[in-house]
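Going down the list, the protein sequences come from chains Y and X. Just so you know, we're using the numbering used here here: the first sequence kicks off at 1 and counts up by one. Just so you know, we're using the numbering used here here: the second sequence kicks off at 1 and counts up by one.
Hints are not guaranteed to be accurate.
Claimed, not checked - Here are the in silico distance ranges between beta carbons for each label pair:
| # | chain 1 | residue 1 | chain 2 | residue 2 | range |
| --- | --- | --- | --- | --- | --- |
| 1 | X | 107 | Y | 266 | 15 to 23 Å |
| 2 | X | 227 | Y | 61 | 23 to 31 Å |
| 3 | Y | 295 | X | 183 | 54 to 62 Å |
| 4 | X | 227 | Y | 239 | 54 to 62 Å |
| 5 | Y | 65 | X | 351 | 18 to 26 Å |
| 6 | Y | 266 | X | 32 | 55 to 63 Å |
Think of the hints as simulated: they come from the structure by calculation, not from any bench. Keep in mind it's a predicted model, so treat the numbers as computed, not measured. Backbone N, C-alpha and C define an ideal beta-carbon position, used for all residues, glycine too.
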Amino acid sequence: MADPGTPSDRHDSQAMQALSKELERLRDDKVRRSEPQGASGGGSEREFPSLFATVRAEVAARRLGVTRDEPAIAEPPRVHVDPLSPPRPMGSPDGIEVRKEYELGELLAYNGEDFLHAAYWSLLGREPDQGALTHFIGLLYRGETSKIGILDFLAGSSEAKTRAARVRGLARVLRFHRWRRLPIVGRLLGYGKALIDLRRISAITERHETLHFRHEQDLLGAIDALNALSDQSRSAVEHLGREVVRLEREKAARDVALALTGKVAALEANAKRTIAELALRPTHHELERVGRSIVAALSELHSELAQIDRRKSEVEAVTAGLREALRRCDELAASKIDGTEIEKRIDERMARGGLETMGDEDPHLDSFYTQFEDRFRGTREEIRERVGIYLPILTEAAAGSKEAPVLDVGCGRGELLELIRDAGLVGRGVDLNVEMVAICRGLDLEVTQGNAIAHLRALKEGSIGAIVALHLIEHLPFRRRIALLDAALRALKPGGALVLETPNPENINVGACTFWNDPSHIQPLPPESTQAIVELRGFDRVEIVRLHAYPFENHLPGAGGAVRDTLNHLIYGPRDYAIVGYKPRPDVA
Amino acid sequence: VTSSPRICIAHQTVMAGDAIGNDIAGAYELLARCGYEMAILCEHVHPDVERRYRVIHEADLVAASAGFDMMLYHHSIHWPGGEVLLQRFAGPVVVKYHNITPPRFFERFAEVYRSSCELGREQTARIASFTNVVRWQSDSAYNAAEIVAAGVPRERSGVVPPFNSAGSALGRERTARYYPTGPFEALFVGRQVPNKGHAHLLRTVAAWRELFPEARMRCRIVGARDPRLDGYYRELADLQSSLDLDGCVEWLGQVGNDEVADLFRGSHLYLNLSEHEGFCVPLIEAQAIGLPMISSDATAIPETAGSGQLVVPLPRSQVDYDLIAGLTHQVCTSADLRRRLVEAGCRNVFQRFVAPVIESRFMEELEPVLRMITK
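Using the sequences and the accompanying hints, generate a full structural model.
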């Protein structure tokens with residue numbers, strides 16, 4: 001059942017070697033093996049302490065981004081054959097001069113590797129190669145040769161002979177060694193040498209004893225130091241163990257805290273998203289609605305601008321024509337032709353429909369228009385509220401007295417007249433529509449049925465304090481408008497006010513759409529154009545009063561911005577405007 | 001001529017090849033071999049079971065049980081009909097307890113299972129007081145402790161591991177080969193229910209991927225799904241997605257017996273981080289086939305795993321997942337460690353869970369009751 005393993009398995013770390021020992025111990029645990037394994041439970045960290053510790057360290061290191069390298073194969077320690085000789089650095093021989101002749105004692109003073117270096121440098125004049133070094137150290141270590149033997153070997157080599165270096169005393173010692181191998185003589189020689197060497201050996205022994213004692217002391221000191229170090233290490237390991245446990249607990253707590261933070265953050269994000277969605281929902285609808293309006297409005301604006309361009313050309317053409325007509329009128333006047341007759345002809349030619357001819361052509365249309373106004377103009381109360389703004393203008397112009405009454409031209413249902421009366425002023429009205437006139441008269445208002453221009457012309461010059469024409473001029477063709485202005489200028493007292501209210505095509509919704517709700521409207525009248533015409537017809541202090549903008553709540557939301565302001569003006573700007581002008585006083589003119 | 005004593009084995013549903021089905025079949029065959037007249041009483045039965053054994057699944061099981069001398073009642077679920085059957089049975093009853101999963105595991109996912117488990121546990125306490133229940137057998141000491149806590153007298157309770165077919169896999173050759181950088185296949189087998197700790201598997205795989213990017217590991221999860229636990233599966237899918245484990249985890253669903261055997265043979269490690277088990281048959285199946293394993297120390301798992309196995313505490317933090325991933329890596333890369341784990345696993349199966357051992361234990365536990373009905 002056990003698998004053979006792969007080559008990589010043979011490279012298990014030192015930790016795994018420790019694990020193997022641990023497992024081996026468990027395998028050899030006879031008690032455990034022979035015990036029936038039952039409810040006592042399975043293995044645990046207690047069974048594999050080394051493995052768990054190793055794995056914990058391994059994964060912690062990996063978490064920190066530190067991948068532990070496989071332990072390198074350690075180099076075998078260098079063996080100093082003679083422990084009495086302190087190690088010397090490799091390289092050039094220390095204290096050996098390169099010369100032709102050496103004393104034997106000089107070389108024998110070295111030990112171990114140093115001896116080999118000295119021997120090689122003295123006899124061969126070079127460093128020993130690594131193989132030879134290892135070989136000779138091995139021989140010395142195992143006692144298979146001596147330093148004399150190595151010197152003999154090196155001195156006898158062809159390399160040494162070539163170099164002709166010699167060791168004085170070596171031949172004598174070698175000779176002595178050869179004699180020492182003879183049966184009887186050798187033994188006697190041995191005894192003799194021993195006697196001779198006794199003193200030297202005794203000195204060496206004493207030296208060795210001294211060294212031995214010193215080393216023993218050193219070793220004891222080292223053992224004490226190691227013991228102390230071991231104690232320190234143990235307490236350090238215990239401390240580290242406690243630290244690891246503490247850190248793990250902290251980490252676990254931090255994990256929990258992080259998880260909680262994450263959950264809180266997620267909840268917060270969710271809540272924010274939900275709030276944002278909730279907040280955006282109406283904005284989306286609003287934006288969508290506004291966006292649609294903008295698209296439609298822009299398209300209408302384009303067509304309106306094109307139309308305005310066309311109208312501008314027309315106005316220019318008409319103005320040119322008018323100037324020409326005036327020039328001809330002057331000519332006619334000079335030739336004593338009746339100007340009134342000419343005007344009448346012009347009026348007839350220019351009246352091509354509009355409100356003025358409506359009732360003439362079909363009496364039922366009066367009734368239709370009354371109903372129409374009821375639907376589109378607004379309720380009586382709304383109109384009263386709207387027209388109330390003109391009362392200060394009228395009073396400022398000193399209009400509303402019996403001598404200088406207010407004339408409401410195209411008075412419709414009489415809302416303004418009612419307001420004038422309520423304000424204690426005197427006002428009269430004129431309207432072409434029979435039904436409207438009937439309504440006004442029903443309210444006990446003084447109203448004349450008839451054509452406005454004709455009515456004005458019939459009035460005594462300079463007899464009216466103020467003339468108000470609300471939503472009238474857009475029903476008139478250009479020349480009739482001119483005629484109206486001229487007739488009004490004539491009828492007004494000097495300083496008397498003229499008020500002309502009309503839909504404001506600057507509001508693109510009005511210009512493009514609502515203006516055309518009334519089929520009797522002829523054309524939208526841009527404020528500046530109307531202002532210019534009124535001025536050109538002789539009125540003074542002519543100004544534009546823009547009215548009836550949509551409430552601010554309807555405007556596009558958000559902070560200020562040129563585009564937004566422009567759009568607000570175009571879409572939610574004033575729906576009507578009034579031209580207020582005054583008949584010049586003689587002293588001013 | 002004297003007739004043989006008749007023994008019926010009762011359980012609500014008897015399936016072929018699942019843990020309880022195998023246990024019932026093992027007991028049936030053993031007792032039949034011993035000369036007893038056997039039958040299975042149940043409400044639902046798999047056709048394979050019906051073909052092999054005498055099965056009674058009539059509407060009136062109480063009446064059907066009247067002709068038997070003894071009943072071996074398997075208790076693994078809330079079975080109202082079973083309780084009535086026990087109350088009305090005149091002869092001695094031995095209850096085999098297979099553990100009922102604590103309801104808390106189903107709280108968030110399926111009320112029907114939560115209440116069923118709760119009712120099942122309440123039923124255990126009631127059955128404990130039935131005087132005709134003379135012996136209780138439990139799959140594990142853990143289960144035995146549970147029923148003693150529920151009121152069963154300790155002296156009436158004994159442990160008999162479930163009959164299983166794991167022993168037949170002993171010595172079967174494995175096909176997985178271990179290479180230093182994988183790929184390594186970890187395997188888990190068990191129904192996809194909330195107590196099986198699937199989320200721990202996913203988090204362990206994620207930890208492995210972060211810690212050992214040089215070695216690929218995939219976790220294959222085998223087990224049937226239940227449509228009523230869709231919420232649990234959605235949660236697992238979300239977790240897998242958030243851990244970006246696509247390709248590292250394979251959900252195999254329910255697979256056939258042969259395919260499961262192939263998966264055991266072809267995997268490198270059995271990884272079981274289940275949170276609640278009354279016995280856990282797949283553990284011994286893995287051991288029998290020589291698959292090294294790492295498992296959690298929850299409930300009966302360490303007891304079933306036996307000694308000499310790598311058993312870890314249920315993971316609670318990233319440190320724990322890192323430890324499990326690290327141990328998994330060690331198992332996959334150290335032949336020596338594997339050898340010892342596999343050896344201990346095989347020894348565990350051979351000494352405790354092969355048929356002769358279980359049969360002996362079963363008969364030993366049943367003997368006093370059998371003596372009662374053969375007098």
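Beta-carbon spacing of residue 227 of chain X to residue 239 of chain Y - inside the hinted bounds 54 to 62 Å or not: holds, 56 Å
Outcome for the supplied range 15 to 23 Å, where the beta carbon pair is residue 107 of chain X and residue 266 of chain Y: holds, 22 Å
Residue 295 of chain Y paired with residue 183 of chain X, Cβ distance criterion 54 to 62 Å: Holds: the Cβ-Cβ distance is about 59 Å, inside 54 to 62 Å.
C-beta pair residue 266 of chain Y, residue 32 of chain X: status relative to the range 55 to 63 Å that was hinted: The hint (55 to 63 Å, Cβ to Cβ) holds, given that residue 266 of chain Y and residue 32 of chain X are roughly 60 Å apart.
Beta-carbon spacing of residue 227 of chain X to residue 61 of chain Y - inside the hinted bounds 23 to 31 Å or not: violated, 45 Å
Pairwise beta carbon distance, residue 65 of chain Y to residue 351 of chain X, judged against the given window 18 to 26 Å: Violated: the Cβ-Cβ distance is about 45 Å, outside 18 to 26 Å.
Against the hints set out earlier in the document, violations occur for numbers 2 and 5.
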